[in-house]
Amino acid sequence: MFPFLICEFAEGTLSNSVKECFGDSFPNVMAKKQIKYLYNYLNHLNARSIVIEADYVDRDYLEDYSNYYVKCFNQYGGRCARLHFFHEKVEHSNFKKIFASDDAESEMQFLQSSYLGFIVIKPIPKTFIGRTCLKKYSTLPGSCKKTTIDREYSVNLFGIPLKVESIAFQEQDKVLSACATAAIWSTLHAIKTFDINAIPSSSEVTLSAINHISNSSNSFPNDGLSNKQIMRAIDMVGLRYHSIKLSKDKHVLFSIKKAFERVIKPYLDSKIPLIMGVTVYDISKHYCSDTNDFGGRLVDGHALSIVGYSETEEPYALYVHDDRFGPYARALITPIKDTCLTSSDERWCLTIVMKNKNGEWEQPKEILIPDIFIIPVDRKVRIPAPFIHETCEQYLIIFNEYVKKAEKKANSTADSLKDSLTFEIKLESLTKLKTQVIKDACVLNKEEILTSPMSKFVWVAKFFLTGKLVCEFIFDSTDITQGNAVLGVVIYNRNQFEYIKKPILFAYEDGPLTKKNNNFMHAINYFFEEKEFSYFEHLDQMYGELRAPVRLKREELLHNKVSKNDHLKKFYGRANMSFDQMFDDLIANDEKSLAIWAISKDGALLIGKEVDGKGHPTLTGFQPARIAGEVRRNAEGWFINSKSGRYSGDYQNPNELLKNARKRFVEIFSEPESGELTVVEHHS
5 MFPFLICEFA EGTLSNSVKE CFGDSFPNVM AKKQIKYLYN YLNHLNARSI VIEADYVDRD
65 YLEDYSNYYV KCFNQYGGRC ARLHFFHEKV EHSNFKKIFA SDDAESEMQF LQSSYLGFIV
125 IKPIPKTFIG RTCLKKYSTL PGSCKKTTID REYSVNLFGI PLKVESIAFQ EQDKVLSACA
185 TAAIWSTLHA IKTFDINAIP SSSEVTLSAI NHISNSSNSF PNDGLSNKQI MRAIDMVGLR
245 YHSIKLSKDK HVLFSIKKAF ERVIKPYLDS KIPLIMGVTV YDISKHYCSD TNDFGGRLVD
305 GHALSIVGYS ETEEPYALYV HDDRFGPYAR ALITPIKDTC LTSSDERWCL TIVMKNKNGE
365 WEQPKEILIP DIFIIPVDRK VRIPAPFIHE TCEQYLIIFN EYVKKAEKKA NSTADSLKDS
425 LTFEIKLESL TKLKTQVIKD ACVLNKEEIL TSPMSKFVWV AKFFLTGKLV CEFIFDSTDI
485 TQGNAVLGVV IYNRNQFEYI KKPILFAYED GPLTKKNNNF MHAINYFFEE KEFSYFEHLD
545 QMYGELRAPV RLKREELLHN KVSKNDHLKK FYGRANMSFD QMFDDLIAND EKSLAIWAIS
605 KDGALLIGKE VDGKGHPTLT GFQPARIAGE VRRNAEGWFI NSKSGRYSGD YQNPNELLKN
665 ARKRFVEIFS EPESGELTVV EHHS
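Take 5 as the starting number for the sequence shown in this note's numbering and just add one per residue.
It should be emphasised that the hints constitute simulated quantities derived from the structure, not laboratory data. Keep in mind that the hints are not guaranteed to be accurate.
Cβ pair distances, simulated, as ranges [unchecked claim]:
(1) K249 x R63: 27 to 37 Å
(2) S456 x M34: 23 to 33 Å
(3) K100 x L434: 44 to 54 Å
Simulated crosslink set (DSSO-like; lysine-lysine; CA at most 27 Å straight-line) [as the list claims (entries may be wrong)]:
(4) K130 x K369
(5) K408 x K505
(6) K40 x K139
(7) K472 x K150
(8) K23 x K37
Beta carbons: idealized from backbone N, C-alpha and C, even for Gly.
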């Protein structure tokens with residue numbers, strides 16, 4: 005058996021490369037739609053060379069082989085082959101130099117720089133296209149108007165490390181899997197947070213989907229999966245699914261724009277793929293003369309994986325992994341009535357368009373009528389994208405109505421701000437969100453956002469006024485639909501933010517914002533409502549936010565516990581002694597004569613003595629506290645300072661807090677009779 009062969013990329017060599025792996029049991033290779041698609045795809049990538057890896061163990065096929073094929077009378081074998089593609093001319097000498105360690109690094113860099121990906125060839129006649137990872141067209145991720153999902157696949161070719169960014173594709177083998185299985189399998193590969201090694205094979209996906217009895221003999225061959233079984237397969241790998249039936253969502257059913265903005269774009273922008281269940285109709289010339297509802301012949305139900313979109317021009321285009329064609333196939337979102345003369349249906353559909361050998365777009369031969377979206381997400385993500393989109397749309401309606409009324413009332417002739425507020429939504433991990441916030445110099449309320457507790461995954465709605473980012477609403481993706489799910493607002497422009505939130509406050513004065521219950525407008529209003537100033541907010545403002553003691557001295561510990569200050573006195577209100585009585589033992593102008601004090605977390609004034617180096621933490625019991633310092637005496641009277649390295653070290657306004665602490669002393673003890681109580685300000 006030859007270890008590898010190398011040939012020039014061409015239609016004939018591609019066909020014969022497949023045959024070379026397993027012989028003449030693979031007839032009419034180029035007759036397969038998938039091979040034609042892959043040839044045109046690679047041709048567009050300017051492929052020049054094919055390296056045939058003749059003996060390859062593929063984990064996915066090995067699982068399928070053990071689940072079914074090993075018990076077949078015909079010996080199909082458990083080994084595969086793998087075809088590697090390069091856009092430069094590759095020869096045996098390139099590999100010989102690597103194997104001989106002669107300029108190996110340079111040769112390996114050359115192979116990586118021209119690597120286009122691979123196709124696994126399974127030893128199964130007719131349905132032999134296994135795991136396929138090919139480089140994307142360079143035009144796919146071209147701008148913010150065009151996005152695709154990909155992940156990095158590591159390839160080891162005879163010890164040579166290669167990498168390709170793609171999403172794995174394979175055709176259904178019609179025995180262990182159906183189109184839905186292939187769609188699930190590709191979709192799991194498109195979830196970047198999902199471990200590649202944990203993705204089940206086609207047979208395992210099918211078994212988990214059909215709720216099989218262990219070791220049942222009736223699991224295969226499998227004819228297809230229902231929507232419920234697709235959801236079960238997603239559930240079995242530890243993910244949650246959001247399902248959107250088009251028949252129950254008229255917005256999505258009849259409007260291309262709504263379907264794109266409410267469902268497709270938010271998830272793909274979040275790098276989350278979608279499974280779409282469709283009904284396929286043949287609209288080739290042979291069938292267009294029929295009087296079918298859709299002007300074509302009903303073919304079958306089908307499922308595909310959506311991994312990208314383009315909104316650079318109309319109609320919108322999706323990039324799909326369709327096991328009947330190949331990876332990143334281009335599907336146009338088109339009104340049904342525009343596809344066939346015999347149809348007046350107002351819904352939309354997909355038409356998959358292909359390029360011929362000359363790189364020209366061919367006319368579509370079928371239409372795909374969408375039935376359902378099934379979107380796999382993390383188990384914690386309960387709130388689907390349409391709910392957040394509906395919230396933002398309601399916000400826009402209220403804003404535009406407010407602007408319209410305000411301009412009418414003022415007889416304004418200025419350029420109208422109506423319809424100038426826009427939004428985008430995306431699901432983000434909390435880690436990524438806070439990393440972006442901390443790096444962005446334009447965020448005005450960083451501390452508030454960074455220190456606020458939030459759920460692991462959040463929906464982020466970006467609002468733009470006349471094209472400029474104003475703020476980002478953060479919604480709890482794990483909440484219930486009737487909950488107060490607004491976790492915070494990242495503010496980029498304070499004045500514009502105050503302007504766009506004003507309509508919400510005015511709208512609620514007139515009654516409920518909306519009768520609809522499929523949005524979080526109530527939560528936005530609750531978030532914007534002016535809250536009562538709490539007691540602890542008052543303490544934060546007067547005496548500083550809570551600080552933990554920076555350190556403990558050894559002498560402050562006794563049997564691994566913080567020693568209690570033997571002179572500790574705690575005051576919440578008026579004391580039954582005067583200031584002079586409280587501090588009558590302090591000696592004027594004596595450096596060693598002092599008392600220590602701190603404002604506790606609940607606002608109490610703590611006073612004690614520093615004995616044998618036991619300082620402020622012995623007053624608080626090592627608990628968080630506010631500003632702290634010393635009480636001393638001089639010839640003119642008494643003074644306090646904020647000298648506490650453990651509590652007062654990093655306040656931005658220590659002198660203001662110290663003056664407030666002085667008022668607290670006077671509230672409790674009144675002004676001292678023997679002189680004035682002053683403060684010694686901190687100088688940095």
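Checklist entry - Against which earlier hints does the structure fall short, listed by number upward? => result Failing hint: just 2.
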